[in-house]
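Peer 1: Fit chain C to the given chain G structure using the hints.
Here the protein sequences come in this chain order: G and C.
Read left to right, the first sequence gives residues 1 to 111 (the working numbering).
Read left to right, the second sequence gives residues 112 to 227 (the working numbering).
Keep in mind the hints are simulated off the structure, nothing from the lab.
Be careful, since some hints might not be right.
[What the hints assert, rightly or not] Cβ pair distances, simulated, as ranges:
#	chain 1	residue 1	chain 2	residue 2	range
1	G	Gly-53	C	Ser-129	19 to 25 Å
2	C	Lys-152	G	Gly-96	47 to 53 Å
3	C	Val-114	G	Ile-67	34 to 40 Å
4	C	Asn-181	G	Pro-8	38 to 44 Å
5	G	Gln-2	C	Leu-227	34 to 40 Å
6	G	Val-44	C	Glu-170	38 to 44 Å
7	C	Met-156	G	Ile-13	25 to 31 Å
Don't be surprised by glycine CBs; every beta carbon is placed ideally from N, CA and C.
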Amino acid sequence: GQQLNQSPQSMFIQEGEDVSMNCTSSSIFNTWLWYKQDPGEGPVLLIALYKAGELTSNGRLTAQFGITRKDSFLNISASIPSDVGIYFCAGFNQAGTALIFGKGTTLSVSS
Amino acid sequence: GAVVSQHPSWVICKSGTSVKIECRSLDFQATTMFWYRQFPKQSLMLMATSNEGSKATYEQGVEKDKFLINHASLTLSTLTVTSAHPEDSSFYICSARQGASDNEQFFGPGTRLTVL
Chain G
1 GQQLNQSPQS
11 MFIQEGEDVS
21 MNCTSSSIFN
31 TWLWYKQDPG
41 EGPVLLIALY
51 KAGELTSNGR
61 LTAQFGITRK
71 DSFLNISASI
81 PSDVGIYFCA
91 GFNQAGTALI
101 FGKGTTLSVS
111 S
Chain C
112 GAVVSQHPSW
122 VICKSGTSVK
132 IECRSLDFQA
142 TTMFWYRQFP
152 KQSLMLMATS
162 NEGSKATYEQ
172 GVEKDKFLIN
182 HASLTLSTLT
192 VTSAHPEDSS
202 FYICSARQGA
212 SDNEQFFGPG
222 TRLTVL
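Excised from the complex, chain C in its bound form:
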């Protein structure tokens, strides 16, 4: 089956620093990648949708200048949390979809971010 990886799997950073999280589709080309955030014991909340070569579409309430998304190739999307604060601590999960009409999304294993 299709595999999506994320790097790093966990990261601890100081408040005010920026953190970059990578999402890669390992054995398929992903026209669309999605970024979700999951707080403890809560559901996955979609943050943004990114299509290769174009600007990401952010969900309401998600600051695009704080969560920078780059989908520069068909196998890689990055999420940069800029000037991170403790309230940004969360589990960030990406998913990838192969084709525009595909219903199935393949999820990465997630990245645990802790901001001190």
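Next up, chain G with everything else stripped away, as it sits in the complex:
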């Protein structure tokens, strides 16, 4: 079935550093979504990508939809302590009815 492979699994960075994480799949996805989940909370949508090659920013966050439609990356610039959390990539299943999530990247930021 469709799977999303996210890397790295976890990251430990200093406040102010830039961060990059990515998501790959052997299947083509028509939409890539990036979510952030805080402990004990539901995921919150950060960025949605709908076209191959699309580069979209949301404040300090930038995400790109790969040309092959099989990958996406998320960059966070000038990280701050509240960036701590788990970042998930997600895409719709082949039927377009439900989301498939990657395993997540856990980000820790030390001040």
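Peer 2: Just chain C now, kept in the frame of chain G:
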């Protein structure tokens, strides 16, 4: 933005009892609601998709008789974990989609279930 609530936010129950979790879309009508389960330090796994007024569609490996889903109105879906066992302890998260062609799902804050 669209808000989805869940109730209760956490619940502890004895093994063998049933637990009902509610998911509500507060400021929009949700034609479709989704139920996910998340074990500690793992990703969200889709359990079932429910459309208002029809039977839920369960993912492979999810027992429909154990996880009863009711989507009786456009703003409410319920998940009942029947005869809960310790291995059912997990974080249950719902999401709601406004229209059939909408790509965006709005997630609830989750319900932490602990079965003793």
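Peer 1: All hints, please: hold or fail.
Peer 2: Hint by hint, here is what the structure shows:
Gly-53 of chain G and Ser-129 of chain C have their C-beta atoms about 49 Å apart, which leaves the hinted 19 to 25 Å range violated. Range check, Lys-152 of chain C to Gly-96 of chain G: Cβ separation about 29 Å, and the 47 to 53 Å hint is violated. Distance hint check: the CB atoms of Val-114 of chain C and Ile-67 of chain G are about 36 Å apart, consistent with the given range 34 to 40 Å. A hinted range of 38 to 44 Å holds for the C-beta pair Asn-181 of chain C and Pro-8 of chain G, which are about 40 Å apart.
Between Gln-2 of chain G and Leu-227 of chain C the CB atoms are about 36 Å apart, so this pair conforms to the stated range of 34 to 40 Å. Our hint of 38 to 44 Å for Val-44 of chain G and Glu-170 of chain C is violated, since their Cβ atoms are close to 23 Å apart. Between Met-156 of chain C and Ile-13 of chain G the beta carbon distance is about 28 Å. The supplied range of 25 to 31 Å therefore holds.
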